[in-house]
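What follows is the residue order along each chain.
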Amino acid sequence: MSEGDLVRLDETTWEIPASARTDMRVPARFFADEEILDEIRGDRSLEQLQNVATLPGVVGAAIAMPDIHQGYGFPVGGVAAMELPDGVVSPGGVGYDINCGVRLLALPLNEYELGTTREQLVHAISREIPAGAGKHGALHLRGRSLDDVLREGPRALPGARADDVACTESEGCLEGADPEAVSERARLRGSDQLGTMGSGNHFVELQVVEEVLDPVTGGVYGLVPGQLTVLIHSGSRGLGHQVCTDYVRLMDARSDGYRIHLPDRQLACAPASSPEGRQYLAAMAAAANFAWANRHAIADGVRRAIASVLGAGAAEGTVQIYDVAHNVAKVEVHGGVSVCVHRKGATRAFPAGSDEIPARYRGMGQPVFIPGSMGTASFVLAGEPGAMERSFGTTCHGAGRRMSRTAARKRIGGNELRRQLEARGIVVRCPSPKGLAEEAPFAYKDVDRVVRVVERAGLARRVARLVPIGVVKG
Amino acid sequence: MYRFVEHTAELEVELESESPEGVLEEARRAFAELVGTGEGEMLERVFELETRDLAALLAAWLEELVFLADTERLVVESADLEIAGTHVSGVVRGRRGEPRPLVKAVTLHRLRFCEEDGVWRGRVVLDV
Numbered sequence: 001m002s003e004g005d006l007v008r009l010d011e012t013t014w015e016i017p018a019s020a021r022t023d024m025r026v027p028a029r030f031f032a033d034e035e036i037l038d039e040i041r042g043d044r045s046l047e048q049l050q051n052v053a054t055l056p057g058v059v060g061a062a063i064a065m066p067d068i069h070q071g072y073g074f075p076v077g078g079v080a081a082m083e084l085p086d087g088v089v090s091p092g093g094v095g096y097d098i099n100c101g102v103r104l105l106a107l108p109l110n111e112y113e114l115g116t117t118r119e120q121l122v123h124a125i126s127r128e129i130p131a132g133a134g135k136h137g138a139l140h141l142r143g144r145s146l147d148d149v150l151r152e153g154p155r156a157l158p159g160a161r162a163d164d165v166a167c168t169e170s171e172g173c174l175e176g177a178d179p180e181a182v183s184e185r186a187r188l189r190g191s192d193q194l195g196t197m198g199s200g201n202h203f204v205e206l207q208v209v210e211e212v213l214d215p216v217t218g219g220v221y222g223l224v225p226g227q228l229t230v231l232i233h234s235g236s237r238g239l240g241h242q243v244c245t246d247y248v249r250l251m252d253a254r255s256d257g258y259r260i261h262l263p264d265r266q267l268a269c270a271p272a273s274s275p276e277g278r279q280y281l282a283a284m285a286a287a288a289n290f291a292w293a294n295r296h297a298i299a300d301g302v303r304r305a306i307a308s309v310l311g312a313g314a315a316e317g318t319v320q321i322y323d324v325a326h327n328v329a330k331v332e333v334h335g336g337v338s339v340c341v342h343r344k345g346a347t348r349a350f351p352a353g354s355d356e357i358p359a360r361y362r363g364m365g366q367p368v369f370i371p372g373s374m375g376t377a378s379f380v381l382a383g384e385p386g387a388m389e390r391s392f393g394t395t396c397h398g399a400g401r402r403m404s405r406t407a408a409r410k411r412i413g414g415n416e417l418r419r420q421l422e423a424r425g426i427v428v429r430c431p432s433p434k435g436l437a438e439e440a441p442f443a444y445k446d447v448d449r450v451v452r453v454v455e456r457a458g459l460a461r462r463v464a465r466l467v468p469i470g471v472v473k474g
Numbered sequence: 001m002y003r004f005v006e007h008t009a010e011l012e013v014e015l016e017s018e019s020p021e022g023v024l025e026e027a028r029r030a031f032a033e034l035v036g037t038g039e040g041e042m043l044e045r046v047f048e049l050e051t052r053d054l055a056a057l058l059a060a061w062l063e064e065l066v067f068l069a070d071t072e073r074l075v076v077e078s079a080d081l082e083i084a085g086t087h088v089s090g091v092v093r094g095r096r097g098e099p100r101p102l103v104k105a106v107t108l109h110r111l112r113f114c115e116e117d118g119v120w121r122g123r124v125v126l127d128v
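Chains as they are written, first to last, in this note's numbering: chain A, 1 to 474; chain B, 1 to 128.
Think of the hints as simulated: they come from the structure by calculation, not from any bench. One or more hints might be untrue.
[Said to hold, decoys possible] Computed Cβ-Cβ distance ranges for the label pairs, DEER-style:
no.	chain 1	residue 1	chain 2	residue 2	range
1	B	ARG52	A	GLN120	52 to 60 Å
2	B	GLU14	A	GLN420	29 to 37 Å
3	A	PRO431	B	ARG29	20 to 28 Å
4	A	ARG44	B	GLU18	27 to 35 Å
5	A	VAL7	B	SER78	52 to 60 Å
6	A	VAL337	B	ARG29	48 to 56 Å
7	A	GLY4	B	SER78	53 to 61 Å
The beta carbon of each residue, even a glycine, is placed where N, CA and C say it ideally should be.
Take the sequences, apply the hints, and build the full model.
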């Protein structure tokens, strides 16, 4: 892409016209300010966004959020809507961690009431929620029990609270999930992993509501200044990773048959109406349901930790604000037309009035959670009408990386980072100093800047700013 | 030889050896650096993989290592393997441990496995 190909449409919207490359079917459009634009230019993310614009059936534009960064196939922060029935579905456009997402819990306590038990609580959470399989905390599912979770999501788990399920995107269950479409290898990988966090950028964070920027919406969401919250970031674990692996491989093998020519092999795809497309969507829905069940099981672990440290009443009074997916493909109606919206590191952000939002939040817009990085802030946003008009009902999903893991490790050691975070009053539990260093706050963009861009673009508005006081990482 | 190269979000690995089997061994070593070590009794697993082309064989091999770490907590320490066309088979040996669940999957993005000027080279991007 040459500099001349980039057009500024308004204060926060930039476009690479479809004419920039002979294989692009639609423009590539993204939201950024000047500083973020400079960071985006530092990697291959815009080239990857242009690659998405070549996919058969893509409508409108290939879109990216201000947290865009280089991924594989799709850029992270990418959104693409495909016409139905014959536009393509691309497993790589959802990603390996199907329905990776975030869930926010609110405790019936404030920081003052937590008092000196903060470290104890963070320790208890780390004990209850393992990073990987084979440890205390993980649920073991086989046969029909696993099938039930794949079909129904958290509703299939014993003791699932109805209010938690109601406050989950799609109520934690995508239609059309078919356990038969999930391979034996995927089932094996997932059977011992429910209730586990994973590694990399996954975490459970204890936070305080630092500021409520929109008190009316904050009140409806149940957030007040000083309140304690817990933010959970995890996904479908090995089961989802294997589902994506299986279908990328299948579609890679079959793409010649559909005469699909791709600029990147990882974009392997098939028409949504084809046998491969239908089978993938059924398996993806099953993996998405597994992911919601996983975050549900992790939330159960958090409540067990709260009960052990703060008492049963505090655990019982801990409520789920909402749970959102940021790696998923969903059939939605936009502009009166049904399309399959791929979100790869991007969050659905429907505005007030949508039937897809729980009744209690319908007047305010869908809650969206934007994790920052360890040591910085996270945000609660609400979906705005501009998202429907400009981004297929989507906003960003995080701060977005700007530095490689290797570069982050070269800049700081894990033990030094732990010392710095603890000096700022953040309790850290992470078994791997190397892993901790890779997730250093400076490896990410400025989350305040990213959310200001989506607010100025009219995609979502800021409701509350949360700051960490404890971090558990895998 | 293996080395990790700059990638904003994921891990990109470049591999080099005198033989195609050597490239797979370098890939194993790179993966072991990421997941840590096992301990205790040495275990063996027989494997056989067939793919549509040679590059996909490199991805499939690493996927096998991810699968063993995920399902059996097995960290592979050595492998006797033989490549014939787009087919690889052999035996892996390793010990159980608590492999760090960092690598989610092996992508086809920028995937490469070929001979150049008498040297076998591979490149693979891992989703982490």
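Checked hints:
The hinted range of 52 to 60 Å is satisfied by B:ARG52 and A:GLN120, whose Cβ atoms lie roughly 54 Å apart. With their beta carbons about 32 Å apart, B:GLU14 and A:GLN420 fall inside the hinted range of 29 to 37 Å. Roughly 22 Å separates the CB atoms of A:PRO431 and B:ARG29, a value that falls within the hinted 20 to 28 Å. The hinted window of 27 to 35 Å between A:ARG44 and B:GLU18 holds, with their beta carbons roughly 31 Å apart.
Checked against the hint of 52 to 60 Å, the pair A:VAL7 and B:SER78 passes, with Cβ atoms roughly 55 Å apart. For A:VAL337 paired with B:ARG29, a C-beta distance near 51 Å keeps the hint of 48 to 56 Å intact. In this structure the hint that A:GLY4 and B:SER78 lie 53 to 61 Å apart at CB holds, the actual value being about 54 Å.
Violated hints: none; the structure is consistent with every hint.
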